[in-house]
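Protein chains in written order, with this note's numbering: chain A, 1 to 266; chain B, 1001 to 1150; chain C, 2001 to 2744.
Be aware that a few hints might be false.
Stated by the list, open to error - Only pairs whose alpha carbons sit at most 20 Å apart, straight line, appear in this in silico EDC-like list of lysine to aspartate or glutamate:
(1) A:25 with B:1050
(2) C:2665 with C:2677
(3) C:2063 with C:2122
(4) A:25 with A:219
(5) C:2665 with A:43
(6) A:25 with A:43
(7) A:25 with A:45
(8) C:2665 with A:161
(9) A:25 with A:11
Said to hold, decoys possible - Just so you have them, the derived chain A footprint on chain B, three or more residues with Cβ under 8 Å:
(10) 1013-1027
(11) 1082-1094
(12) 1139-1146
Unchecked claim - Over the 12 Å line for every Cβ pair with chain A, so calculated as not near, a few chain C residues:
(13) 2060
(14) 2381
(15) 2611
It is worth saying that the hints were derived from the structure and are not from the lab.
On a predicted model such as this, the values are computed, not experimentally measured, just so you know.
Note that beta-carbon positions come from the ideal geometry of N, C-alpha and C, so glycine has one too.
Here is how the chains run, residue by residue.
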Amino acid sequence: MTTTFARSLDEALTALAESAAAGAKPVVVSGGTLCVPAMVRGELDAADVVDLGRTGLNTLAVGSVIELGALVSYQQVISSPRVRAELPLLHRMASGITGGIQIRNQGTLVGALCAARPQSDALAVLVALQAEAVVVSASGTRTAPVADLLVSPGTTHLAADELVAGLRIPACLHGTGYVKLKFAESSWPVVTAAAVQDRVVLGGVAGTPQVVPLPSRREVRAAVVDHLDALPTEHRWADLRAPWAYRRRVAPEIAARAVELAEEAR
Amino acid sequence: MRLQVDGAHVQIDPDPEDTLVDVLRDELGSTAVRVGCRNGDCGTCTALVDGQCVKTCLVLAGRAEGARVETLASLGTETNPHPVQEAFLAEYAFQCGFCLPGMILSAVTLLADTPSPSDAEIRNALSGNLCRCTGYVNAVRAVRRAAAAR
Amino acid sequence: MMSAVNAAAADPARWPKRNAFEFAGGTAVFIDDVRPSVLLHMAVVRSSRAHARLRRVDTAQAKAVPGAVRVLEGREASLHLRPLPYQFGDPEMIGGRRIVLEALPVDEVRYVGEPIAIVAAESPRAARRAAAAVVVDYEDLPALLDARAFLADPDPIHVIAENEVVSGAADEVLRTAEHRFGAEFALGRSSTAPIEPRGYVAAWDGTRLTVHATHQQPHQLRTELAEVLDLPAHAIRVVVPNVGGAFGLKMTGPVEEPLVCLLSMLCGRPVKWIESRAECFLGGGREQLHQVEVAHAADGRLLALRDQVVIPVGAEAVSPGWRQAYVSTASFPTAYVVPHLDIRSRVVATNLPPWHSCRGFGKEAPVFVMERILDMVARRTGLDPAEVRRRNLLRPEDLPHRMASGYRMDSADLPTVLNRVLELDGGAEADGVGIAVEVTPEGGGHAGGRSRPGATPTVAAPEAAAVLLRSDGQVEVRTGVTNPGGGNDIALVRLAAGELGLSPDSIRLVQGDTDLCPPGTGNASSRGVAIGGAAVVLAARALADTVSRLGAGPLTESTIAELVVRYGPLEHVREYRPDPPEDLEYRYSYPYFSSGAYVARVDVDRATGRVRLRSLTAVHDCGRVIEPVLVEGQLHGAMAMGVGLALSEESRFDARGVLQASSFKEYLAPRANDLPDFVIGHHETRAPHTLLGAKGAGESGLGGALAAIANAVDDALARCGGREVTSIPLDPPTVLALLPEVDQ
Ligand SMILES: Cc1cc2nc3c(=O)[nH]c(=O)nc-3n(C[C@H](O)[C@H](O)[C@H](O)COP(=O)(O)OP(=O)(O)OC[C@H]3O[C@@H](n4cnc5c(N)ncnc54)[C@H](O)[C@@H]3O)c2cc1C
Ligand code: FES
Ligand code: FES
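Input sequences plus hints: build the corresponding full structure.
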């Protein structure tokens, strides 16, 4: 195993390119909260590791679009008054991350995105906010809507030599709401709902976040039920915490609560 | 690689797969960070790295090159304990004490930002750490006490 | 201001805990901090099959892994090790069957995670790599993974023990009673999960084996190792460093104990094994299925109870784990008078990892079942749950009481404890309120090693203590009681200091070293203070007597030092055992009963089934309270675990018997923001048959909290048309399934 503690984005990209050219599947480490323990347990068999810790990609810039680097932690998001004002949805989501002060200091939004786990807070929120990922490799940069990057549980549309350098999120000042259902402080989120304007995005019901358009704010539950019932069986999500039937039963309520919060925030 | 641990400059040569907790314990002999899960759940590997409260089982050792690491051992002494240590001792906020690195350093971090926390804020700040002996009642009391002593 | 606080703090006597700063300052030594030079590390190769014949265990590739020093599979290990002795007396005494178990299996594996081979290597990583390189060829056999599958096809081959507790004519009463109901209760499998997992460091020097272990029972471990390794007991020393919580996990019996020692003997180097968190989660207990039939009078009095119990204890093992099944059965009908009782349990071996002792030790299940029954009676009679309890509780004048199992309930004041907790409960607004009364038989335990064949273990084992003077002017107390972190050391020191008229800091306490301490049961069944403390008091009194007969004035540092110069250490050793009852009808495993009553208040989210505990109030009676801080600490911990068991903790396995809850993200132990502040009141009914009047504190709280919460959830559900609670944990899917699906 080789580990590169890249000192710049370029160094990281070079290391990635070399590893990918050799046919390996390099592991990129942002916060490390998911992939480091997986490597230690041997679940993630990494020939090459590229750790971004020293790349300085931890900047958070707030303009009409909020730009945040791969290393920006939940705590940075929570502490930023500008994010709080201009992306209250992101602020609220980050404030509810479990694992204590430590995980909020260590976990990153980009890491959560690249992990592509249905049982995560960030995904539905990023999709709801129409965030874009800045995808870079030694041969160039592209931007991709987050929703397009997410393929299936644990899988993203990233080539072996690509990494996500940061996110661009348009400001979204008003009328958003976020609700997550989890079973105990230790548990992963089970069902999440991020409400924005005319849609609610659900996490934890399918392999990837589900965008449910809301023709009217009164019809939230019905819209969610219709959407879920139309989900092909193979996309329905269940894990140890709860079977699909449970998620199907609670999701309309979680969505309705998120929409209610959004109404209040108008 | 070099790093600074509890004020001392040290030089070590970790394996690429080593995490920071391995290096602190196995190479540097620290007993002030411990291993309870290697999964980011229990918090007993907690240390302050460049002032940030982190779980060191989640950090590849090489990432900490040049960093300033402070463990529980750097806080105070028996005759001059840190107010949070004193409060945990006075309130009998632990039994076996295995969880204390995370408990105490989380409380220290909380009070640095929030000098008069509410109970909910205290419980939230301790929530990155598991304690199996106590039920947290006295730990919450201890953080209240430390806050009042400031 | 700050400096004033610190000046006061500089007096460690103000801190309840001994050597307190070691812990808060991070210098305390736990097992993984024990690092002898030239240390090797052990890793364990574990079965990936629930039940299979071992066709071949190929270690060739493992031996070639760089850093691997020794690889051992079952056949070779069996040349060096004798079969494992049972660790709870003879299984026949609790209606159980006996089989011969080896540390490593030779022919057959019985659960996913069972050790098949072991590796010693230069580093933990090399050991893990070598372990991963062992190739095992299996031939799958049919596996039994859960109790319901057994009930569907109850093949007696799986039954390893049957117990019955019968009195009166339950059949008859149940047939004819006017008010009857049946119910089925289930408790999920759960674990102990101390934050420090198990760990051992074994060092063989050619003649003696020194074993450092994070352990509850050093003397038992020594006896077991002597037998399995075929060494004289005096050739083994077991030393226990600080223990990071135990809760039953760290009792004698797991196969890694002799295995790590064997590797040290074969390699001639010290060998360490530290359990991983996932390995730690394999163990568990507490799972039970109850099918009850209840007859009661219109006024809420219980008339008869029949309970058919199935207790799946995992694979057969020598550890005290499955003895809990017996204790569960024998503890019925807990705090109540039930004139006609018929409890029959079948203890079933399954292809899951074996049970280990789990805090509660089987006493929590009967509390859950009885407290649910009492609430069901209240619901069916329209009476207040507290009133139904009052009509059925044993009264102080009924005690001592011989339970149907022969257990003697020594003393308690259950109605008062119940009334007091109802007063103490703050009455916070909540969706549901639940109460529970708990009795906890405590103080059991057996002495080091096996009891003689044929001997009936109806008398609790003694504890011993030595008290002696030291030339440095201190008094040394050595005890067979160990401290898993709960702080019995504090009480033992206080007791000795009190007898000798010294301050606690002149006492040096030695625990957990088989070379220095007199034999004892270590840490089990809440005996540390009530029994171990009594031995300390007797030894200290004897010493004080001698000192006064010698005409020495009050003990001080200088008089102690002088006495040592003139007379030597004046060591006094005393043993203490609570007075056994004269009436041989009693099955006297537990000399005293602690008791308590609990009120839980919960909110239930009707749309999701999520339960939030709003408040939990207890009034606890553990006899004379020697150290209130300690007793409360123990109770807090037990109550928190009870909350976890009631709402979220469960060791779940998949359809192939693979553990799913292998980290704290799946095994949901309560965190600080899952819990409210607990409110605790004390009531003292002194134990009439112990020297100090103290009873145990340590196990009680768990069953009471769990039952009160289950009842509170039930109450909340009943108020919105839900069905009755019959199982734990009450995770949201379980709760939601009890609620009617309303069209929103
Ligand atoms: C105790 C605890 C509590 C938690 N609580 C929550 C919670 O409440 N809600 C929640 O949603 N999650 C939770 N998590 C999960 C997780 O830690 C976080 O969501 C976190 O944001 C993941 O980010 P990371 O940077 O640490 O990821 P990493 O571990 O660094 O990476 C995760 C994955 O993404 C890949 N990757 C990382 N960075 C990049 C990149 N720049 N480009 C390409 N690929 C990359 C990695 O290779 C890996 O596969 C918790 C974790 C722990 C340990
Ligand atoms: S060991 Fe790092 S959090 Fe448990
Ligand atoms: S005191 Fe034992 S884990 Fe916290």
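Status of the hints after comparison with the structure:
no.	hint	verdict
1	A:25 with B:1050	31 Å, violated
2	C:2665 with C:2677	24 Å, violated
3	C:2063 with C:2122	12 Å, holds
4	A:25 with A:219	45 Å, violated
5	C:2665 with A:43	16 Å, holds
6	A:25 with A:43	14 Å, holds
7	A:25 with A:45	9 Å, holds
8	C:2665 with A:161	31 Å, violated
9	A:25 with A:11	17 Å, holds
10	1013-1027	holds (count 3)
11	1082-1094	violated (count 0)
12	1139-1146	violated (count 0)
13	2060	21 Å, holds
14	2381	34 Å, holds
15	2611	9 Å, violated
In the structure shown, a violation is registered for the earlier hints numbered 1, 2, 4, 8, 11, 12 and 15, in ascending order.
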